[in-house]
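Engineer: So the chains spell out like this:
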Amino acid sequence: MSLQILEKKDLLPFLENLMSSMEVVGVKEKVTGKYEFAVLDSPTQLCLDYDVTILPPKKYFLPPRETIFQFQIGQKTTCQPVFENNPRAIVGIHPYDLKAICQLDRIFSDGQRDEHYLARRKNTLIIGIDIKKASPYAFCKSMNSALAREGFDLWLTDIGDKFVVTVGSEKGQEILKKNARTRAASKEEIAKKAEIQEKIPYLFSLNTVTTPYEDLPKLLEAHKESKLFAELAEKCLSCGSCNLVCPTCYCFDVQDDLALNLSTGERFRQWDGCLLTGFAVVATGENFRKDRAERIRHRIFRKGKYIYEKYGEHGCVGCGRCAAACLPDIANPVEIFNRLKEGK
Amino acid sequence: MMNAPQLQLNSIYLPKLAEVIRTEQLTKMEKLFEIRLLNGQDLGHQPGQFVEVSLLGIGEAPISISSSPTKKGSFELAVRAVGNVTKALHKLEKGAIIGIRGPYGKGFPVEEMKGKDILFVAGGIGLVPLRSLINYVLDKRSDFGRVLILFGAKTPAEQLFLDELAGWRTRPDLEYWETVDRADGKWKGNVGVITTLFPKININPEKTVAVIVGPPVMYRFAILEAQVKGIPDEQIIVSLERRMKCGVGKCGHCQINHLYVCQDGPVFKFAQIKDIKEAI
Chain A
0 MSLQILEKKD LLPFLENLMS SMEVVGVKEK VTGKYEFAVL DSPTQLCLDY
50 DVTILPPKKY FLPPRETIFQ FQIGQKTTCQ PVFENNPRAI VGIHPYDLKA
100 ICQLDRIFSD GQRDEHYLAR RKNTLIIGID IKKASPYAFC KSMNSALARE
150 GFDLWLTDIG DKFVVTVGSE KGQEILKKNA RTRAASKEEI AKKAEIQEKI
200 PYLFSLNTVT TPYEDLPKLL EAHKESKLFA ELAEKCLSCG SCNLVCPTCY
250 CFDVQDDLAL NLSTGERFRQ WDGCLLTGFA VVATGENFRK DRAERIRHRI
300 FRKGKYIYEK YGEHGCVGCG RCAAACLPDI ANPVEIFNRL KEGK
Chain B
0 MMNAPQLQLN SIYLPKLAEV IRTEQLTKME KLFEIRLLNG QDLGHQPGQF
50 VEVSLLGIGE APISISSSPT KKGSFELAVR AVGNVTKALH KLEKGAIIGI
100 RGPYGKGFPV EEMKGKDILF VAGGIGLVPL RSLINYVLDK RSDFGRVLIL
150 FGAKTPAEQL FLDELAGWRT RPDLEYWETV DRADGKWKGN VGVITTLFPK
200 ININPEKTVA VIVGPPVMYR FAILEAQVKG IPDEQIIVSL ERRMKCGVGK
250 CGHCQINHLY VCQDGPVFKF AQIKDIKEAI
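Note that the protein sequences, when read in sequence, are chains A and B.
When we follow numbering that gives the first Met the number 0, the leftmost residue of the first sequence carries the number 0, and every step to the right adds one.
When we follow numbering that gives the first Met the number 0, the leftmost residue of the second sequence carries the number 0, and every step to the right adds one.
Note that these hints are calculated values from the structure, not bench results.
Among the clues, some could well be false.
Stated by the list, open to error - Facing chain A, from chain B, some residues (calculated, C-beta under 10 Å):
hint: 1; residue: Tyr12
hint: 2; residue: Pro14
hint: 3; residue: Val19
hint: 4; residue: Ile57
hint: 5; residue: Ala60
hint: 6; residue: Gly98
hint: 7; residue: Gln158
hint: 8; residue: Arg241
hint: 9; residue: Gly248
hint: 10; residue: Cys250
hint: 11; residue: Ile255
Said to hold, decoys possible - Chain A is faced by these chain B residues, among others (derived, beta-carbon under 10 Å):
hint: 12; residue: Glu59
hint: 13; residue: Arg79
hint: 14; residue: Gly82
hint: 15; residue: Glu240
Everything numeric in this text was worked out from a predicted model, so none of it was measured.
Cβ atoms here follow ideal geometry from the backbone N, Cα and C, with glycine treated the same way.
Generate the whole structure from the sequences, applying the supplied hints.
Structural biologist: Listed below in structure tokens is the structure:
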């Protein structure tokens, strides 16, 4: 991967150029100390020293609600699939969110390919940046997500008055060449980047899972009957906030929307959550996961066992958003994993 | 948002159009639909698989295929009116256009079952998916050993496929047993839940595959009866109901632990799921 230097003063012109050819999404400060991914009106809105955003960038690949196809009924029935293919760049993605996107890539291309997701992914340029500030709930060191490994087009590492840009794809290379003034990084600059990156995992030293990454499935299997799930269930509101903010939750519901003319409409999908009461209800009214404890266990097992067994990596990337979003404060995977380990 | 057919992207969620070519009211709650794909092709399913049925503007629902793949040119769905899609479906008659996706899921392991004695256990509407296999086995009768069918319905009025049941009662190459939970004035047969039929049959458990399909409450008891008969868990087969929204292993609704019912099932060997919480 080629390493380039982008002077900090050249970042804004780079983004301005980018904005002339595509929509540019970046991290903005929404209210003091709370950040969001949103379309940038001006590159000056970009905030690159954030800790975590309220929602992950997943919403640009799997929108909260999206049209799958439009239909016409009546004399002639037709269905026309809808794919979104506007070029877009997302600037400021952190490694844990990138890891989640790479996982969704696997899931949506595994077996039958979901081209609705994959078309957006293909048309999105990912410009990530190393973490400078840890969110109080994040535990990226434990989930191997403190540093980016794959899936980006360009990656920025802040080494003071300049960024080292790691070029991760041909598309990234082209975009950089066309839109930014860069030069090759020197040996000293590359060494500085390595030195900075080496320290990043230790930002999360205070918040760690006591069970090694590879051993989480065994831990969960051994404690599938644990009373902890019932204890957490007593406080759970079944609100689904933990699902809503999760970068790897991708479950969806599918519904139809018929226009008032009764002849045209659309089928859409929207985010759903396995913590919600009706998630596993069938038409006869039978609920196959009716107890809150079962739903909590299902979520935790998806994050620390099932996905790992299928894809070799965990469905939790350690962003800590669920822990921050949970009103009764029972969703924190670190606490759940560690309490299971301690047996209490 | 832009439509982009020029990219030649295919949506796995786009239904094929199909025509209802015959309907038959089976009971007060269940109606049969014979369906032909407009592209003229066979559905190409295995017994035990399901399709996603679309009524554009209403929604989509997973429905078991009730006909055997040995029947060509069209396929059949028998549908109970319980949800918004199925209730709307019941209002359709011959000539209606619907959407079909699939077939999806793993069907019954017919190759493994060849040469074995087959014990069918159907509870109520469980006969609908099981019929795809029963008719397959009867169409290829010489490939299988003894065929036993146990069928339980709540009342005589809730028995499905009456003409076929009448044929099974008299057919010499199968052993048919039936019961109802509650009799009416005309019923002269067995009365009692389906498990009361098990003591009446003699089987060679080593050679027998039990295929059990019914409502969730029936499984625990019927599986226990099959075990009491000595049938190994590897040879007890069930078909599970879940809310399969997408049918292609993405939406997450049908998950039982790590299993996706729409991909790994809906047909499972009991041995495969007996240690899995929430399965049955």
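Engineer: Taking the numbered hints from earlier one at a time, note which ones the structure violates and give those numbers from smallest to largest.
Structural biologist: 3, 7
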